[in-house]
Amino acid sequence: MKKTTNTLLWVIDVISTLIFCAMCATSAYLLILFFYHLFDSEGAKDWMIGKDISQLFKLDNVHVAILFSFTLAISLMKAFAFYSTIKIFSTLNLVKPFSPEIATLISRISYMILAIGILGIITFRYSEILVTNGMDLNELQSRWNDNYAYLLMGSIIFVIAQVFKKGLELKAENDLTI
Amino acid sequence: MSSKTDLVIKFLHVISWIIFIALCYQTGALIFNYAFMQFRVFPPENQYLILDLRELFTQSELYFGILFGLAIGVNGLKAYTFYLITLIFQYLNLHKPFSQEMSLLISKISYYIFAAGILGAIAQGVSDELAKKGFPVANANQQWDDYSAFLMMAAVVFVIAQIFKKGLELQAENELTV
Numbered sequence: 001m002k003k004t005t006n007t008l009l010w011v012i013d014v015i016s017t018l019i020f021c022a023m024c025a026t027s028a029y030l031l032i033l034f035f036y037h038l039f040d041s042e043g044a045k046d047w048m049i050g051k052d053i054s055q056l057f058k059l060d061n062v063h064v065a066i067l068f069s070f071t072l073a074i075s076l077m078k079a080f081a082f083y084s085t086i087k088i089f090s091t092l093n094l095v096k097p098f099s100p101e102i103a104t105l106i107s108r109i110s111y112m113i114l115a116i117g118i119l120g121i122i123t124f125r126y127s128e129i130l131v132t133n134g135m136d137l138n139e140l141q142s143r144w145n146d147n148y149a150y151l152l153m154g155s156i157i158f159v160i161a162q163v164f165k166k167g168l169e170l171k172a173e174n175d176l177t178i
Numbered sequence: 001m002s003s004k005t006d007l008v009i010k011f012l013h014v015i016s017w018i019i020f021i022a023l024c025y026q027t028g029a030l031i032f033n034y035a036f037m038q039f040r041v042f043p044p045e046n047q048y049l050i051l052d053l054r055e056l057f058t059q060s061e062l063y064f065g066i067l068f069g070l071a072i073g074v075n076g077l078k079a080y081t082f083y084l085i086t087l088i089f090q091y092l093n094l095h096k097p098f099s100q101e102m103s104l105l106i107s108k109i110s111y112y113i114f115a116a117g118i119l120g121a122i123a124q125g126v127s128d129e130l131a132k133k134g135f136p137v138a139n140a141n142q143q144w145d146d147y148s149a150f151l152m153m154a155a156v157v158f159v160i161a162q163i164f165k166k167g168l169e170l171q172a173e174n175e176l177t178v
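Residue numbers (our numbering), protein chains in the order written: chain A, 1 to 178; chain B, 1 to 178.
Okay, chain A solo, but in the shape it has when bound:
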């Protein structure tokens, strides 16, 4: 029982580090994509999702910058959420497993994910305003349409964080009565 949990923890640690690296790579990729096409936007293409994004660069520079920085912020926040996940492993205290630090980390993850959802909604609405003004962004919108799932998931993790917090409070009380 105990041995399998340890191996499992190690495996998850590696996997979440990999996901974190992937998120960082995505952010770096977005930056490179932006600066690569900033000056030469002829036939610009998002290589990762294989879509033509040259319409994006036909917009006003301000719109491009705003949309782009929102996208970058979302992907950075995803990376940060996974960074906090990795950090849980290193703060796992062998003497006191249910510590306030882990509760703080879990609530931080939930705030991050809720923020990803909200920022995603803002970006999506913003791009819709641009679409109603007659700009063709349909292909790009698929990048921002999963924000409700993030809100749902953020609420799940928030619940778990609150349970953790409540558990810690109850435990502190119980310890006092003994």
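A few of these clues could be false.
Stated by the list, open to error - Cross-link-like lysine-lysine pairs, in silico, BS3-like; alpha carbons within 25 Å at most: (1) A:Lys-87 with B:Lys-165; (2) B:Lys-166 with A:Lys-171; (3) B:Lys-10 with A:Lys-166; (4) B:Lys-10 with B:Lys-133; (5) B:Lys-133 with A:Lys-171; (6) B:Lys-108 with A:Lys-87; (7) A:Lys-87 with A:Lys-171; (8) A:Lys-166 with A:Lys-87; (9) A:Lys-166 with B:Lys-133; (10) A:Lys-96 with A:Lys-171; (11) A:Lys-171 with B:Lys-96; (12) B:Lys-165 with A:Lys-166; (13) B:Lys-108 with A:Lys-166; (14) A:Lys-96 with B:Lys-166; (15) B:Lys-132 with A:Lys-87; (16) A:Lys-96 with B:Lys-165; (17) A:Lys-166 with B:Lys-96; (18) B:Lys-108 with B:Lys-165; (19) B:Lys-96 with A:Lys-96; (20) A:Lys-166 with B:Lys-4; (21) A:Lys-171 with B:Lys-132; (22) B:Lys-165 with A:Lys-171.
Read the hints as simulated data drawn from the structure, not as lab findings.
Got chain A sorted already, so can you dock chain B onto it with the hints?
Chain B alone, transformed into the frame defined by chain A:
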């Protein structure tokens, strides 16, 4: 401090019930849509369709059934996940906050989120294939275009569940040594 957490937990309990009911409603509406279309209860023009696949229905009833089944499956899994979350609040034990049941419940939640993500990915693959063959399936995509978010969140919740489990093991050991 404590009363604030209590208030937050009560609030979350209500919110998760509301989300659960909303997801149930969605799933039920999909089931009834499917049944009414399949057995031709009413003419489709007179129905409120939550997932509009009328064109596909005239072309291929089999693919229509498959897509509806996938949509019902994805929504049903989401609804069940939120049902499990409402259970968390019931199990929140005042004497032993970090209990075995809680750890099992959180692991179960992570498995179901993962299942929802995987089913969404499968559904996306199926509908992509159908779109390549020229079937009109664009309307169905919004049911599962957020599967990547679910997969990511499954990883995060799984990590938390494992930490919980590990914590329980360590706690049991510590109690023995005392």
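Kindly indicate which numbered hints from before are broken by the structure, ordering the numbers from low to high.
4, 5, 9, 15, 21
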